[in-house]
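K.L.:
Guided by the hints, dock chain B onto chain A, whose structure is given.
For the protein sequence lines, the chains are A and B, in the order given.
If you're matching positions, the first sequence starts at 1 in the working numbering and goes up one per residue.
If you're matching positions, the second sequence starts at 547 in the working numbering and goes up one per residue.
Read the hints as simulated data drawn from the structure, not as lab findings.
Cβ coordinates follow ideal geometry from the N, Cα and C atoms, glycine included.
Every clue listed holds true.
Not everything, but these chain A residues come out facing chain B in the computed CB check (under 10 Å): (1) Leu108; (2) Arg112; (3) Leu172; (4) Val179; (5) Phe208; (6) Gly211; (7) Glu225; (8) Arg237.
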Amino acid sequence: MNGQPVARREHYLNVSYGVKSWLFTTDHKRIAWLYLVSVTFFFFIGGLFATLIRLELLTPQGDLVQAETYNKLFTMHGVTMIFFFLIPSIPAVLGNFLIPMMIGARDLAFPRLNLASWYIYILGGLFTLAAAAAGGVDTGWTFYTPYSSIYSNTNVALTVVGVFITGFSSILTGLNFVVTIHKMRAPGMTWFRLPLFVWSHYATSIIFILGTPVLAISLALVAVERLLNLGIFDPARGGDPLLFQHLFWFYSHPAVYIMILPGMGVISELIPCFSRKRVFGYEFVAFSSVAIAVIGFLVWGHHMFVSGQSVYAGMVFSLLSFLVAIPSAIKVFNWTATLYKGSISYDAPMLYALGFIGLFTIGGLTGLFLATLGIDIHVHDTYFVIAHFHYIMVGSAVMAYLGGIHFWWPKMTGRMYSEGWARLAALIIFIGFNLTFFPQFVLGYLGMPRRYHVYPPEFQVLNVMSSAGASILAVGYVLPLVYMIWSLRYGAVAGKNPWRATGLEWETPSPPPTDNFEVTPLVTEEAYAYDAIEPEAAYAGRPAHV
Amino acid sequence: MSKAEAVRAHQFDDSGQQHEASWIGMWVFLATEIMFFGGMFMGYILYRSLYPAAFANASNHLDVWLGGINTAVLICSSFTMASAVHSAAAGKRRTLVSCLLLTMALGLVFLGIKFSEYYVKFVEHLVPGISFVYEQRFAGPAEIFFSFYFAMTGMHALHMIIGIGLLTYLVVNSLRGRFSPSYHTPVEMIGLYWHFVDIVWIFLFPLLYLVGRHL
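Bound-form chain A, shown alone:
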């Protein structure tokens, strides 16, 4: 298959043409593309809000925007990035594309439901964009009551309805994945032969299924309280303001694991491939995904250490939050153990993977600071928190997303991107990211609170560093957009397995046929059987992707 012209063979991209063939497709691979285009759109919308935030914070005074506008900017940045980019990014794009192929299936269990999920996502996105166009929303992405339900004069109802709708897209995607992984595996594909990417998506789907409905009902209650003046969260009528926070974080803390678990799945594919080694401790990595999903449901109270929650509840939540670090650490240790004595090559996806390990370690360890009751009181609601979760959500999740997109790009398109530019972009993103967010740890430690558009002059140097880093980061994010689109037309033909990776998705031509495989594959060995390949032979045999 290597080197043959791609256009001759019929595959999922050329089987039919026209807008209709895309908007009415039930092929999981095409739906993945629909998601790829739409999450990229929302990523740059969210990035635009972030740009304005970083511009405003260049100087201590409020000179670009007023406080009200600033509140709207960080709210819409959060809402867009979390609900419309990070949560669907890896599951709906890479998960959709890869899960059926990795388990040897022709499609997901419910292809029409899969397409419906995308439409639901777009409908929710339109509501949120309409809210932004109508003047925005200023509650913060957390929609805390009673501000959101009574006092805010912005488009809260429109936004929460948008997020509510989009939630059902996540629920149905998770449902589809769970059923697919249970029932659609090819002969011989036992649970312990599944790629770790599939395990992590299984764990993610559990959170989608059990967490998202709780967010949905909480936001629905905020909307009816706002529109019909019901009294569920209203303190004036005896309502408990903490109730909303409990319901919200019951979903939204596990949602952090929705954002990071699929990324961990990507890294678990990249590290063995570019180290030419079987992943160290497969079962531990697999079960740590499930453990993160389960323990992740029991830690939400650490967002309310200073909100008047009982101190004993705080202690229990603190302890449980420490516990969730254990499965996360298992993963990091197992990846590094996989690297040990591996024959490592620094292709672009691997650069993202290595960046992920470093940034995730910093983000995870600072999470332990925040889980500690005493330290949290000092740094609560400061830039320390902002830096911490951006290390997880941007430093880790987006790095993994980009690493995964690079790694499977040849499979998705049949073309190679420019390796030199890709390495450069990975480097720029890593540098830009650290320059943006590391100063924020210091700012937070020194006491700069989040969500203010003005700050004392002594914080300016660190803020300027952060804004400078953000502009480098922006360049790093635009670069892949350019060379990836360029590669669609001018990239070298990839062949079916340019990385000489294991996994069923690499045994089918690139781009794959509509039914993924010409014959249903029969699985006879574990995932990551890299030991069989001689390291030098593997390196020499790899096409120089020209």
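P.N.:
Below, chain B without anything else, positioned relative to chain A:
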């Protein structure tokens, strides 16, 4: 179209796999529904433990007889739904259609009684937010109670309305002869959904109507 193989989608190897996939998918969906209603039950539990006297007092404003009749109506509708699944499996098309129609009728009776109750609450000024009048010492928490009453029973009624829509789809397709002993998965799935909605009511009835009874 009466053979199971004829309705097998391309991604499945055989109709057994397809049936099991639908089965798991439906149960997973019901799990999400439990979590969905669970958020409201959680709020109810919190406020009831905060304001037990006000909740008992407010609960006495609900008509326990109408609620009781509605409970009986729903239990009967679960029976007719179960009979519908049974007759689909036995291939008795006429019994299937009449069971489905009976289920729909009982669902409509439930909704009729429910909305007449809503109307009475409106007349009695017990609708929160619009015109809520209550004795002073319980006014705030009682308004919370009625907020939950309307939110929970309203969400339940919405599920009933969706259920009746789904039953209409089943009636149309059974009349067209789409279901057979070897393929009647939609009847089974919508049956599960219907039973789930009934069970939610089985929890709502004592929590909302019977809290005040023992006082």
